[in-house]
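K.L.:
Take a look at the letters that make up each chain.
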Amino acid sequence: MTTTTGDRRIVIEPVTRVEGHGKVSILLDEDNKVKQARLHIVEFRGFERFIQGRLLWEVPVLVQRLCGICPVSHHLAAAKALDRIVGADKLTPTAEKMRLLMHHGQFLQSHALHFFHLCSPDLLFGFDADVAMRNVIGVAAAHRDLAVQGVMMRKFGQEIIKATAGKKIHGTGAIPGGINKNLSIAERDGFLKDIGQMMTWARGVVDIARGYTIDNLATLADFGSLDSNYLSLAAADGSYEIYDGGLRATTCDGEIIFDHVDNQLYDQYLNEEVRPWSYMKFPFIKSLGPEHGWYRVGPLARVNNADRFTTPEAEQARQEFAAVTDGKPCHVTMGYHWARMIELLHSVECIQQLLNDTDLQGTDLVVNGERRAEGVGIIEAPRGTLFHHYKVDEKDQVTMANLIVSTTSNNEPMNRSVQKVAEDHLSGRMEITEGMLNHIEVAIRAYDPCLSCATHAMGQMPLTIELYDHEGTRIDERVRG
Amino acid sequence: MTGAARMLALCYGNPGRLDDGLGPAFGAALERENLAGVTVDVDYQLTVEDAMTAAAHDVVLFVDAAITGAEPFFLHQVTPRASLGFSSHGAEPEQILALAAELTGSAPQGYALGIRGYEFDEFGELLSTGAVENLAAALQFMVPMILCHDLRHSLRVAAMVPGCRPGRQTAQAAEG
Numbered sequence: 001m002t003t004t005t006g007d008r009r010i011v012i013e014p015v016t017r018v019e020g021h022g023k024v025s026i027l028l029d030e031d032n033k034v035k036q037a038r039l040h041i042v043e044f045r046g047f048e049r050f051i052q053g054r055l056l057w058e059v060p061v062l063v064q065r066l067c068g069i070c071p072v073s074h075h076l077a078a079a080k081a082l083d084r085i086v087g088a089d090k091l092t093p094t095a096e097k098m099r100l101l102m103h104h105g106q107f108l109q110s111h112a113l114h115f116f117h118l119c120s121p122d123l124l125f126g127f128d129a130d131v132a133m134r135n136v137i138g139v140a141a142a143h144r145d146l147a148v149q150g151v152m153m154r155k156f157g158q159e160i161i162k163a164t165a166g167k168k169i170h171g172t173g174a175i176p177g178g179i180n181k182n183l184s185i186a187e188r189d190g191f192l193k194d195i196g197q198m199m200t201w202a203r204g205v206v207d208i209a210r211g212y213t214i215d216n217l218a219t220l221a222d223f224g225s226l227d228s229n230y231l232s233l234a235a236a237d238g239s240y241e242i243y244d245g246g247l248r249a250t251t252c253d254g255e256i257i258f259d260h261v262d263n264q265l266y267d268q269y270l271n272e273e274v275r276p277w278s279y280m281k282f283p284f285i286k287s288l289g290p291e292h293g294w295y296r297v298g299p300l301a302r303v304n305n306a307d308r309f310t311t312p313e314a315e316q317a318r319q320e321f322a323a324v325t326d327g328k329p330c331h332v333t334m335g336y337h338w339a340r341m342i343e344l345l346h347s348v349e350c351i352q353q354l355l356n357d358t359d360l361q362g363t364d365l366v367v368n369g370e371r372r373a374e375g376v377g378i379i380e381a382p383r384g385t386l387f388h389h390y391k392v393d394e395k396d397q398v399t400m401a402n403l404i405v406s407t408t409s410n411n412e413p414m415n416r417s418v419q420k421v422a423e424d425h426l427s428g429r430m431e432i433t434e435g436m437l438n439h440i441e442v443a444i445r446a447y448d449p450c451l452s453c454a455t456h457a458m459g460q461m462p463l464t465i466e467l468y469d470h471e472g473t474r475i476d477e478r479v480r481g
Numbered sequence: 482m483t484g485a486a487r488m489l490a491l492c493y494g495n496p497g498r499l500d501d502g503l504g505p506a507f508g509a510a511l512e513r514e515n516l517a518g519v520t521v522d523v524d525y526q527l528t529v530e531d532a533m534t535a536a537a538h539d540v541v542l543f544v545d546a547a548i549t550g551a552e553p554f555f556l557h558q559v560t561p562r563a564s565l566g567f568s569s570h571g572a573e574p575e576q577i578l579a580l581a582a583e584l585t586g587s588a589p590q591g592y593a594l595g596i597r598g599y600e601f602d603e604f605g606e607l608l609s610t611g612a613v614e615n616l617a618a619a620l621q622f623m624v625p626m627i628l629c630h631d632l633r634h635s636l637r638v639a640a641m642v643p644g645c646r647p648g649r650q651t652a653q654a655a656e657g
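Protein sequences appear in the order of chains H and P. Everything in the first sequence is counted per this note's numbering, starting at 1 for the first residue and increasing by one. Everything in the second sequence is counted per this note's numbering, starting at 482 for the first residue and increasing by one.
For the record, the hints were derived by calculation from the structure and aren't laboratory data. Cβ coordinates follow ideal geometry from the N, Cα and C atoms, glycine included. Certain hints may be false.
[To be verified] A partial selection of chain H residues facing chain P, derived with a Cβ cut-off under 7 Å:
id : residue
1  : Gly46
2  : His117
3  : Lys155
[Claimed, not checked] Residues from chain H that keep clear of chain P, each with C-beta distances beyond 12 Å, as calculated:
id : residue
4  : Leu113
5  : Met199
6  : Arg308
7  : Thr433
[To be verified] Taking beta-carbon pairs under 10 Å as the criterion, some of the chain P residues facing chain H (in silico):
id : residue
8  : Leu516
9  : Phe604
10 : Val624
Produce the complete structure using the sequences and hints provided.
P.N.:
Dropping the structure here:
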């Protein structure tokens with residue numbers, strides 16, 4: 001794809017269409033100052049065609065092909081949409097709680113992976129540290145216990161998923177109208193044996209994220225930060241919610257834009273803009289329009305939007321988080337890390353509560369009701385609000401599918417953060433240094449973009465940064481391989 | 482490497498993304514062979530906990546689809562290397578070995594088998610014709626090597642297979 005605007009010529013090469021690959025293109029002006037910086041992360045394509053004609057019962061399994069890190073999120077969002085279609089407006093307590101347990105297992109494993117794999121090197125060593133140390137191996141060398149904790153927390157979450165979904169990948173646990181298994185006593189006891197350790201470790205990572213953010217606030221406050229709107233689910237009483245609830249959008253001042261929005265009506269409140277230089281769409285809040293209606297999703301949005309957490313330790317952590325900005329929304333992009341760890345703590349608390357709930361051993365697993373031809377399922381995936389929307393015909397075959405994944409919602413903010421970092425750290429230079437590359441990566445890492453349906457074939461470079469002069473001539477390129 | 486070595490085949494990729502499913506397809510075929518002393522693990526992508534599994538073996542064979550490189554497949558040795566990406570969606574074999582070494586004090590020998598694929602850009606559960614042929618060639622070559630647990634020898638042989646004309650990585654590996 002090529003688009004020409006004035007003297008600018010941005011090219012999205014065919015190779016960038018392979019998911020799992022990101023590209024940043026930076027255009028300088030005549031004074032070698034950053035005029036424009038764009039992040040290209042390609043959204044999945046062809047899913048609608050792939051799923052058309054499939055039986056609705058297959059959908060919760062098929063959609064797990066979309067992502068190897070968050071298959072459970074797609075699994076549950078699809079199941080929720082199909083609950084609506086089969087008329088299951090209220091699941092049995094066992095089904096509801098098994099899904100919640102699966103969902104919190106997913107949050108735990110995904111957030112632990114992000115913290116250990118991506119975030120901890122930046123937090124522990126600083127993002128100006130020597131690249132030889134600033135990586136997961138450096139963390140393992142300098143903080144062996146922490147590294148082991150990261151791996152074990154992720155493993156615990158994966159085991160929860162396996163016990164609730166049937167398998168670590170391509171689970172079948174959630175089905176339209178309910179769930180296909182409960183939690184055995186033996187499985188429960190196995191998890192209870194380790195949950196105390198998980199709590200201790202979760203508290204520890206919250207402390208690290210909080211300490212880092214507060215100690216470095218002066219530096220972080222302006223690093224890729226944005227005064228943005230925020231979108232998330234929220235419970236009817238305004239508390240933090242990741243599985244059910246209505247849509248809540250707030251302004252950068254914390255004012256409500258809309259609240260308690262019925263999931264089925266999401267498309268009356270949100271729209272998506274197509275831009276010629278990107279294959280990924282740009283969602284926005286309809287009432288504010290594309291220029292002002294962009295918003296952020298994910299941990300920062302959820303913690304900002306929540307009036308409270310329903311578990312005591314996460315609520316305490318949220319209050320400490322909110323106190324930094326005097327109760328106003330936190331716009332510090334690097335605050336995503338702290339918010340993410342508060343969520344991790346909450347998920348461990350919820351897992352502990354659920355494991356002690358005998359409803360998980362119930363045998364009433366599925367309900368049905370009056371069938372509908374259309375359904376929307378919205379959940380909070382670890383990276384943000386996830387929308388699944390399906391229509392089916394009378395033969396139970398899918399005729400329409402529309403998905404908005406978290407990273408699509410964060411597309412505009414990620415671009416803005418990259419632009420800001422580029423302006424602050426690259427202007428006036430004609431080459432891309434290691435430090436510049438890392439500053440941009442740090443900003444992207446905060447959002448942890450989901451490389452939907454990522455392919456990771458050998459020979460693929462994860463991230464490329466290209467620098468163009470004011471005439472659109474590429475003057476430098478740096479590849480992170 | 483002796484016949485007593487414990488070998489792990491980590492086969493990864495997304496079977497819903499056309500030729501990205503080459504790794505899992507190789508893993509499924511290898512599982513059917515039911516080779517003694519060989520553990521097969523299939524996943525979407527490598528993640529940090531694979532380091533712990535890897536550390537429990539003497540030899541790890543990473544199997545993935547390849548977008549570029551020699552046809553029908555290439556094989557090269559993998560050595561531990563630290564790196565930091567921008568996304569949690571995937572780790573590299575070198576990273577897994579480095580992490581295994583750091584966390585457990587020892588890293589297994591690592592080899593990467595890249596099977597050339599051609600179509601990655603859409604959803605679909607079928608491999609392309611070329612990928613199917615390459616998969617068959619990879620299995621035909623690798624299964625006997627895995628059976629005798631001699632991947633170091635297989636590097637030397639791979640470098641001499643006409644259809645597997647060494648790419649740069651293969652040549653490097655053969656030297657190693």
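K.L.:
Hint by hint, note whether the structure agrees.
P.N.:
Comparing the hints with the structure gives:
1. Gly46: Holds - the Cβ of Gly46 (chain H) comes within 7 Å of chain P, reaching about 4 Å at its closest.
2. His117: holds, 5 Å
3. Lys155: Hint holds; Lys155 (chain H) Cβ to chain P Cβ min 5 Å, cut 7 Å.
4. Leu113: violated, 5 Å
5. Met199: Label holds. Min Cβ-Cβ 20 Å, cutoff 12 Å.
6. Arg308: holds, 28 Å
7. Thr433: It holds; Thr433 (chain H) is separated from chain P by about 16 Å at its closest Cβ, greater than 12 Å.
8. Leu516: At 23 Å from the nearest chain H Cβ, Leu516 (chain P) fails the 10 Å test, so the hint is violated.
9. Phe604: holds, 3 Å
10. Val624: violated, 20 Å
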